[in-house]
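In order, the protein sequences belong to chains A and B. Per numbering that gives the first Met the number 0, residue 0 is the first one in the first sequence, and the count goes up by one each step. Per numbering that gives the first Met the number 0, residue 0 is the first one in the second sequence, and the count goes up by one each step.
If you are wondering where the hints come from, they were derived from the structure by calculation, not from laboratory data. One thing to keep in mind: the hints can contain errors.
A pair counts as met if it fits within one copy or between any two copies, since identical chains are not told apart.
Unchecked claim - List of simulated lysine to any residue pairs, SDA-like, C-alpha gap at most 20 angstroms:
hint, residue 1, residue 2
1, K385, G266
2, K385, G303
3, K52, E323
4, K355, S60
5, K122, I99
6, K385, T268
7, K335, D346
8, K335, A351
9, K7, E152
Here the structure is a predicted model, which means the values were calculated and not measured.
Now for the letters of each chain:
2 protein chains.
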Amino acid sequence: MKNVVFPKGFQAGGVACGIKKNGNPDLGFLQSHPPATAFGAFTRNTAAAAPVKYCREVLASGSKVSHILVNSGNANAATGPKGYEDVLTTVSHLKNAMRIEGGVLICSTGVIGEPLPMDTLKKGIDLLCGKPGPTSDFSSAIMTTDTFAKIAEVTLNLAGHEVRLGGAAKGAGMICPNMATMLAFMTTDIGLESGYQSRFQDSVERSFNSITVDGDMSTNDTALLLANGASDVQYSSLSSADQRLFDAALMDLMRQLAQSIVRDGEGATKLITVEAVGAVSEADAKAVVRAVSNSPLVKTAFFGGDANWGRVLAAAGYSGAALEMEKLSLEFCDVKVFENGVPLPRDEEDLAQRMKAKDVSVKLNLGLGKFAWTYWTCDLSYDYVKINGSYRS
Amino acid sequence: MKNVVFPKGFQAGGVACGIKKNGNPDLGFLQSHPPATAFGAFTRNTAAAAPVKYCREVLASGSKVSHILVNSGNANAATGPKGYEDVLTTVSHLKNAMRIEGGVLICSTGVIGEPLPMDTLKKGIDLLCGKPGPTSDFSSAIMTTDTFAKIAEVTLNLAGHEVRLGGAAKGAGMICPNMATMLAFMTTDIGLESGYQSRFQDSVERSFNSITVDGDMSTNDTALLLANGASDVQYSSLSSADQRLFDAALMDLMRQLAQSIVRDGEGATKLITVEAVGAVSEADAKAVVRAVSNSPLVKTAFFGGDANWGRVLAAAGYSGAALEMEKLSLEFCDVKVFENGVPLPRDEEDLAQRMKAKDVSVKLNLGLGKFAWTYWTCDLSYDYVKINGSYRS
Numbered sequence: 000m001k002n003v004v005f006p007k008g009f010q011a012g013g014v015a016c017g018i019k020k021n022g023n024p025d026l027g028f029l030q031s032h033p034p035a036t037a038f039g040a041f042t043r044n045t046a047a048a049a050p051v052k053y054c055r056e057v058l059a060s061g062s063k064v065s066h067i068l069v070n071s072g073n074a075n076a077a078t079g080p081k082g083y084e085d086v087l088t089t090v091s092h093l094k095n096a097m098r099i100e101g102g103v104l105i106c107s108t109g110v111i112g113e114p115l116p117m118d119t120l121k122k123g124i125d126l127l128c129g130k131p132g133p134t135s136d137f138s139s140a141i142m143t144t145d146t147f148a149k150i151a152e153v154t155l156n157l158a159g160h161e162v163r164l165g166g167a168a169k170g171a172g173m174i175c176p177n178m179a180t181m182l183a184f185m186t187t188d189i190g191l192e193s194g195y196q197s198r199f200q201d202s203v204e205r206s207f208n209s210i211t212v213d214g215d216m217s218t219n220d221t222a223l224l225l226a227n228g229a230s231d232v233q234y235s236s237l238s239s240a241d242q243r244l245f246d247a248a249l250m251d252l253m254r255q256l257a258q259s260i261v262r263d264g265e266g267a268t269k270l271i272t273v274e275a276v277g278a279v280s281e282a283d284a285k286a287v288v289r290a291v292s293n294s295p296l297v298k299t300a301f302f303g304g305d306a307n308w309g310r311v312l313a314a315a316g317y318s319g320a321a322l323e324m325e326k327l328s329l330e331f332c333d334v335k336v337f338e339n340g341v342p343l344p345r346d347e348e349d350l351a352q353r354m355k356a357k358d359v360s361v362k363l364n365l366g367l368g369k370f371a372w373t374y375w376t377c378d379l380s381y382d383y384v385k386i387n388g389s390y391r392s
Numbered sequence: 000m001k002n003v004v005f006p007k008g009f010q011a012g013g014v015a016c017g018i019k020k021n022g023n024p025d026l027g028f029l030q031s032h033p034p035a036t037a038f039g040a041f042t043r044n045t046a047a048a049a050p051v052k053y054c055r056e057v058l059a060s061g062s063k064v065s066h067i068l069v070n071s072g073n074a075n076a077a078t079g080p081k082g083y084e085d086v087l088t089t090v091s092h093l094k095n096a097m098r099i100e101g102g103v104l105i106c107s108t109g110v111i112g113e114p115l116p117m118d119t120l121k122k123g124i125d126l127l128c129g130k131p132g133p134t135s136d137f138s139s140a141i142m143t144t145d146t147f148a149k150i151a152e153v154t155l156n157l158a159g160h161e162v163r164l165g166g167a168a169k170g171a172g173m174i175c176p177n178m179a180t181m182l183a184f185m186t187t188d189i190g191l192e193s194g195y196q197s198r199f200q201d202s203v204e205r206s207f208n209s210i211t212v213d214g215d216m217s218t219n220d221t222a223l224l225l226a227n228g229a230s231d232v233q234y235s236s237l238s239s240a241d242q243r244l245f246d247a248a249l250m251d252l253m254r255q256l257a258q259s260i261v262r263d264g265e266g267a268t269k270l271i272t273v274e275a276v277g278a279v280s281e282a283d284a285k286a287v288v289r290a291v292s293n294s295p296l297v298k299t300a301f302f303g304g305d306a307n308w309g310r311v312l313a314a315a316g317y318s319g320a321a322l323e324m325e326k327l328s329l330e331f332c333d334v335k336v337f338e339n340g341v342p343l344p345r346d347e348e349d350l351a352q353r354m355k356a357k358d359v360s361v362k363l364n365l366g367l368g369k370f371a372w373t374y375w376t377c378d379l380s381y382d383y384v385k386i387n388g389s390y391r392s
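Extracted from the complex, chain A is given alone in its bound form:
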């Protein structure tokens, strides 16, 4: 798997430069030649970190992007005006070292409230540009306490050309004092116009914005897509059928990455797909699956392998969505347990067996309308408490 460098025209790599004390890779770069049209989606947290503010500005300027630099081990969040200056210093050091003309994006993840170690970071940038150059994979360099690298790639044939998509993401790891941060990088060698942003935003909504580990939104969450046109295919020249094929492939790539993040959620033992159908609006469907996916009572029940439909109903009930109990039906792992407001008799042994799987599901049919939404979450285990309850060392 070559992930982010799978599409034509992309290079990437990483080094261990000493931001992380344990010697693991902590600085990665991703480069596109030719420079790419860039699309971004960021945390809605009011306390957004300095690099997030900087990325927003670069994307707003409309300039093409040739490099993304990502450090793990320090989030550069809650660092005040100094934090933003450090981003600017990083950018100018990187531009000088790599002789970059175009736009640069910066992402950070890790400790919050501590200044970036600028000398270490500059040395890291020099290591990335020097000989022998990068010694680690990009997808490893962006990890914090992720237990595996999250990567994906997809190939399409559009208008007689091969179009490739690749991606790498990091998930809900933690270092102290910390918070979970999601970073995701998608690359493609198709050419995209800037108007594609709304479609990208919609795909983010249905992938990265439809997952939850613990309902806590980070200060640094960032999803970026670089499209460099190196495949000689331009999205705007495609038939609308081919455009839809590309849209679906990008969504598929992003959902693969999003699901990997949940699967590697802190302490997670299961990936839970939560689906609501039959809602009177998309907002209602989303409210229901969000409430169910974030409920600690639902998540602990799944950890215990318990098809606890009462907790799912209660969460749907406080989601704010329009509900009529007598029209509501509920399935656990494809077994209907509740229909039209009444619990159904069921084979408890069969259901218990299905609930033991790594991939489990709950599906609510509200029976009121035609709107649907899907979320992915994980269970809440002892290890979540252990990981997050431990003292800062």
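Add chain B to chain A, keeping to what the hints say.
Only chain B this time, still in chain A's reference frame:
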């Protein structure tokens, strides 16, 4: 402590009638003579249980209330039309057995989705009315897996008369398959007019609606206040200074009960007071303390004794409230750790010592306005996962 029967004119008691399989008390009654003006606040869950619907109707009718019957062990929730019929049957059996003319309220807590065992319940009512009559305390009969009874009482001297207030509540216990339910019963021998409902609702907002164990709202949450006038003091005849004294005493009583519920939250080892001041609106202050109080990352940090201000900031940041980092200050256990957007140096050992206490606090000053709100929550421990992750037996 006589709790609910501390004010004049109230009687109460409980029995073990067999709804709970372990033989613990599971049916309680509370009686007022003369019949009392009743005030209620209920779950906002769309999936509200049958007894909640019934109580709402009785209160809407404006009739005085002479009896409250409470069973634990079965929530009569998600039980469809049959559940509501069972409430009506319970009411008529109770009225016949106790020869009641006035209004009756019914509350249930426990297993959801199972029909009330009506024969057992009827026998229980007969036990309550017979000889020797009640064998258990009311506050014990309403418990599920609460580890202690939650009771409070307050005495006031108003206009030369003694006015008494009493209360009993049950908290976030659980039985299988289940959900946490909060029930709270307040009594007073003052006389209150029906117009007091808005003030009662406000007190509920600042006590029971300002606590959280896990952010999961039950289908059965109910707070009831009975005011029977047996003290010969009528609220409307008091000076406004004395009215304020009563209001404050009622609020105090309700906050005592609310805090007891959090202290006995599932797996809780600490009571955490979360205060926001300096917000531009009450809604903003409330949004901040609610987000911080429900954050699993904040709650696990408190379990670990970690003054993790980054997680508090992140939760405030996604609360939706207006924030300006450079105006924000933060205290843990009265130690300022963050001021005007910048982390402060601090005595880590002293702070670690303070964080070990049973009662801890976090205070955010948003520095933007004059509105404040306080929430009470508990930490998130291994035992929460253990209690809620175990198989139904």
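Each hint tested on the structure:
{"no.": "1", "hint": "K385 <-> G266", "result": "both (8 angstroms within a copy, 14 angstroms between copies)"}
{"no.": "2", "hint": "K385 <-> G303", "result": "both (17 angstroms within a copy, 9 angstroms between copies)"}
{"no.": "3", "hint": "K52 <-> E323", "result": "between (43 angstroms within a copy, 14 angstroms between copies)"}
{"no.": "4", "hint": "K355 <-> S60", "result": "neither (50 angstroms within a copy, 50 angstroms between copies)"}
{"no.": "5", "hint": "K122 <-> I99", "result": "within (17 angstroms within a copy, 84 angstroms between copies)"}
{"no.": "6", "hint": "K385 <-> T268", "result": "both (14 angstroms within a copy, 15 angstroms between copies)"}
{"no.": "7", "hint": "K335 <-> D346", "result": "within (10 angstroms within a copy, 56 angstroms between copies)"}
{"no.": "8", "hint": "K335 <-> A351", "result": "within (13 angstroms within a copy, 50 angstroms between copies)"}
{"no.": "9", "hint": "K7 <-> E152", "result": "within (12 angstroms within a copy, 74 angstroms between copies)"}
Violated hint for the displayed structure: number 4, the only one.
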